[in-house]
Amino acid sequence: MRILRNLARRKLRTTLTVVGITIGIWALVVMSSMANKIGALVDGGSSYFADKIIVSDSANLAFGFSSAPIRVSVAADIEAIDGVDVTVPEVDMLLDPDRSGPAFNIPDRIVASMAGADKGREKFPIKAALGRLLVPEDEGKNVVVLGSDLGRKFNKKPGERMTVRGIEFEVVGILEPTLSAPDTSVWIPLAAGQALLLETLPDVMQREFKASELASSITVYPDPGVDIPALAKTIEQRVPRTQSLTGAEFDEQVGSAIAIFNAIILGVALISLVVGGLSVINTMAMSVAERTREIGVKRAIGATRARIVREVVTEAGVIGLFGGTLGLVLGAVVVLAANEAGRSSGTILFQLTAGTAIFAVVFAVILGMLAGLIPAITAARLDPVEAIRYE
Amino acid sequence: MPLIDAMDVHKTYRLGRSNVVRALQGVNMSLESGEMVAIMGPSGCGKSTLMHIVGLLQPPSTNGTKPVLKYRERDMTTLSDRERTRIRATEMGFVFQAFNLVSTLNAVENVALAAEYAGQPKPKAKASALDALGLVGLAERAGHRPMELSGGEQQRVAIARALVNRPGLILADEPTGNLDSANSKEVMELLRRFNREQKQTILLVTHDPEVGKACSRIITMRDGKVTAV
Ligand SMILES: Nc1ncnc2c1ncn2[C@@H]1O[C@H](COP(=O)(O)OP(=O)(O)OP(=O)(O)O)[C@@H](O)[C@H]1O
Ligand SMILES: [Mg+2]
Numbered sequence: 002m003r004i005l006r007n008l009a010r011r012k013l014r015t016t017l018t019v020v021g022i023t024i025g026i027w028a029l030v031v032m033s034s035m036a037n038k039i040g041a042l043v044d045g046g047s048s049y050f051a052d053k054i055i056v057s058d059s060a061n062l063a064f065g066f067s068s069a070p071i072r073v074s075v076a077a078d079i080e081a082i083d084g085v086d087v088t089v090p091e092v093d094m095l096l097d098p099d100r101s102g103p104a105f106n107i108p109d110r111i112v113a114s115m116a117g118a119d120k121g122r123e124k125f126p127i128k129a130a131l132g133r134l135l136v137p138e139d140e141g142k143n144v145v146v147l148g149s150d151l152g153r154k155f156n157k158k159p160g161e162r163m164t165v166r167g168i169e170f171e172v173v174g175i176l177e178p179t180l181s182a183p184d185t186s187v188w189i190p191l192a193a194g195q196a197l198l199l200e201t202l203p204d205v206m207q208r209e210f211k212a213s214e215l216a217s218s219i220t221v222y223p224d225p226g227v228d229i230p231a232l233a234k235t236i237e238q239r240v241p242r243t244q245s246l247t248g249a250e251f252d253e254q255v256g257s258a259i260a261i262f263n264a265i266i267l268g269v270a271l272i273s274l275v276v277g278g279l280s281v282i283n284t285m286a287m288s289v290a291e292r293t294r295e296i297g298v299k300r301a302i303g304a305t306r307a308r309i310v311r312e313v314v315t316e317a318g319v320i321g322l323f324g325g326t327l328g329l330v331l332g333a334v335v336v337l338a339a340n341e342a343g344r345s346s347g348t349i350l351f352q353l354t355a356g357t358a359i360f361a362v363v364f365a366v367i368l369g370m371l372a373g374l375i376p377a378i379t380a381a382r383l384d385p386v387e388a389i390r391y392e
Numbered sequence: 043m044p045l046i047d048a049m050d051v052h053k054t055y056r057l058g059r060s061n062v063v064r065a066l067q068g069v070n071m072s073l074e075s076g077e078m079v080a081i082m083g084p085s086g087c088g089k090s091t092l093m094h095i096v097g098l099l100q101p102p103s104t105n106g107t108k109p110v111l112k113y114r115e116r117d118m119t120t121l122s123d124r125e126r127t128r129i130r131a132t133e134m135g136f137v138f139q140a141f142n143l144v145s146t147l148n149a150v151e152n153v154a155l156a157a158e159y160a161g162q163p164k165p166k167a168k169a170s171a172l173d174a175l176g177l178v179g180l181a182e183r184a185g186h187r188p189m190e191l192s193g194g195e196q197q198r199v200a201i202a203r204a205l206v207n208r209p210g211l212i213l214a215d216e217p218t219g220n221l222d223s224a225n226s227k228e229v230m231e232l233l234r235r236f237n238r239e240q241k242q243t244i245l246l247v248t249h250d251p252e253v254g255k256a257c258s259r260i261i262t263m264r265d266g267k268v269t270a271v
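Protein sequence lines, in the order shown, are assigned to chains A and B.
Letter by letter, the first sequence follows residues 2 to 392 of this note's numbering.
Letter by letter, the second sequence follows residues 43 to 271 of this note's numbering.
All clues stand as given, with none of them false.
Here are some chain A residues the structure puts well away from chain B; computed CB gaps all over 12 Å:
{"id": "1", "residue": "T16"}
{"id": "2", "residue": "A129"}
{"id": "3", "residue": "G141"}
{"id": "4", "residue": "I272"}
{"id": "5", "residue": "V275"}
{"id": "6", "residue": "T315"}
{"id": "7", "residue": "T348"}
Each pair of labels, with its calculated beta carbon distance range:
{"id": "8", "chain 1": "A", "residue 1": "D384", "chain 2": "B", "residue 2": "G106", "range": "20 to 28 Å"}
{"id": "9", "chain 1": "A", "residue 1": "N283", "chain 2": "B", "residue 2": "G161", "range": "32 to 40 Å"}
{"id": "10", "chain 1": "B", "residue 1": "S85", "chain 2": "A", "residue 2": "N283", "range": "36 to 44 Å"}
{"id": "11", "chain 1": "A", "residue 1": "M2", "chain 2": "B", "residue 2": "S75", "range": "38 to 46 Å"}
{"id": "12", "chain 1": "A", "residue 1": "A264", "chain 2": "B", "residue 2": "T104", "range": "54 to 62 Å"}
{"id": "13", "chain 1": "B", "residue 1": "K255", "chain 2": "A", "residue 2": "N283", "range": "48 to 56 Å"}
{"id": "14", "chain 1": "A", "residue 1": "D384", "chain 2": "B", "residue 2": "G176", "range": "30 to 38 Å"}
{"id": "15", "chain 1": "B", "residue 1": "G161", "chain 2": "A", "residue 2": "A338", "range": "47 to 55 Å"}
{"id": "16", "chain 1": "A", "residue 1": "D384", "chain 2": "B", "residue 2": "S223", "range": "29 to 37 Å"}
{"id": "17", "chain 1": "B", "residue 1": "T107", "chain 2": "A", "residue 2": "D384", "range": "16 to 24 Å"}
{"id": "18", "chain 1": "A", "residue 1": "A264", "chain 2": "B", "residue 2": "K166", "range": "52 to 60 Å"}
{"id": "19", "chain 1": "B", "residue 1": "R264", "chain 2": "A", "residue 2": "M2", "range": "44 to 52 Å"}
No lab work stands behind these hints, which were simulated from the structure alone.
Note that beta-carbon positions come from the ideal geometry of N, C-alpha and C, so glycine has one too.
Turn these sequences into a full structure, and let the hints guide you.
In structure tokens form, the structure reads like this:
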């Protein structure tokens, strides 16, 4: 209470200082929420790729949205190699063919494979929230299962129809959210995917290939206990025109991108630390100067130096608490509003976790207290006699 | 046994290489328990400086001399800041010319502050503060902020604050200096009553001969020295 009354002495100044911290914490909350979301995507990818090797045509530059197709027959060559357990040909492409180039969010994807072809090796947990997953009997039919974000984006339920790249499909299931890539993917049977893939190829190739000969990549499940990087190398050497990607390589590629993003967040945190901290130092230094005589009187009647320090530091901490709480509330509003707006288009960019929320407020309080420490020590060092004479 | 014993106390301010102010030049004084003593003298003669040294707000200068400063026989010249603060909090009370109440706190909170500094827990400090406000006749003003009190009332709150820990010594620097004669009289009557009824030792500084007369003894100073006791 006494602290609030002290802060209320200079309402405008206190408010401005609180606003300074609010802005910093707001930025921190928003950026961290984005980092959380991206982190979840990466963790999902990381655990998906951990136990397998993805083999694609060596003409593809980077892994991901393969453009050069690979022959399905390659799967048999790979399976002949020692240490390979199961191979699954997959078609993988962008849902929206007009979308190209890098973008800020993860693009929607089409994934096609034969249900059950992995022989139970795929461990990535995917469950249907509505309807069902694909089954082997779906092969040859135009049916589709939607990731949870896309179910909402297209507002589809099992039984309804949906056009995928110009072809009509029947929706049979909607997935539960995974907070990672599957949320923004659609699953179709392999044959349907191969037909779509053929459409994307240049005319020359369309005439040369049959749809059923094509895949985007081959997913390789190694035998248990096999050295995965070594097996990946063997595949590249023994099967012509192939390149492979392992979980370790995925982590490496994506890890460096994440490191850049985390550096940006750290930068925001540092800027908010410096700006917020300086404004707290400034405010508390002014407030100490204004209260010189009062501090002198308190020292005269028996306040210890430690008590004066505590008083000023607590006040600065309360400024931090207000700024931090306000920044968190504003940040949460922005994050929730942006997610709500993005829900219709399927682009959920933010994930505000309890950890981020607690960290933001604690960070603001500690920042305030640390910044308050410098003026607090000045206050505690005042000579009581001079402070009492001070006008 | 004197409550305060001061001998050969000097205070020198060095403002520059050749600009030296000798505020106190070898002061000797002592104060018996239960006395009420006024320090008088012209402006700038060192009254406040002496009071601040006796009140442990600043140490005497030690340029070549060996000053003695004893409180209840205890040597005060070698204490740390923390120890001096503790003695100020528990055994001394201060009254200032400009009242010097904390503007954001009401009367009872101002008085309770001194009790908290002396180590009382908050609820007990508040009870003691209400008692002390009762003694100066301001119980019904307990919730008022300094801005809402007259000068005389503010000074009575300050006296309650000085008194709340029942200190061995109350130091008052021109306690009536900012008051009209009616309020001066009231403040002096309060101080005299505490001196008489509670055997409270009081050392005050004043320019007012009336105030001086109300005390049991007058110490006269001139140019940093005591000239009459
Ligand atoms: N911090 C300081 N630096 C320099 N000189 C000082 C300082 N404090 C006091 N003095 C000087 O010491 C001398 C004694 O001052 P002091 O305040 O004790 O006088 P006083 O007797 O209380 O005067 P008044 O009756 O006007 O209050 C004065 O000349 C004053 O200018
Ligand atoms: Mg004076």
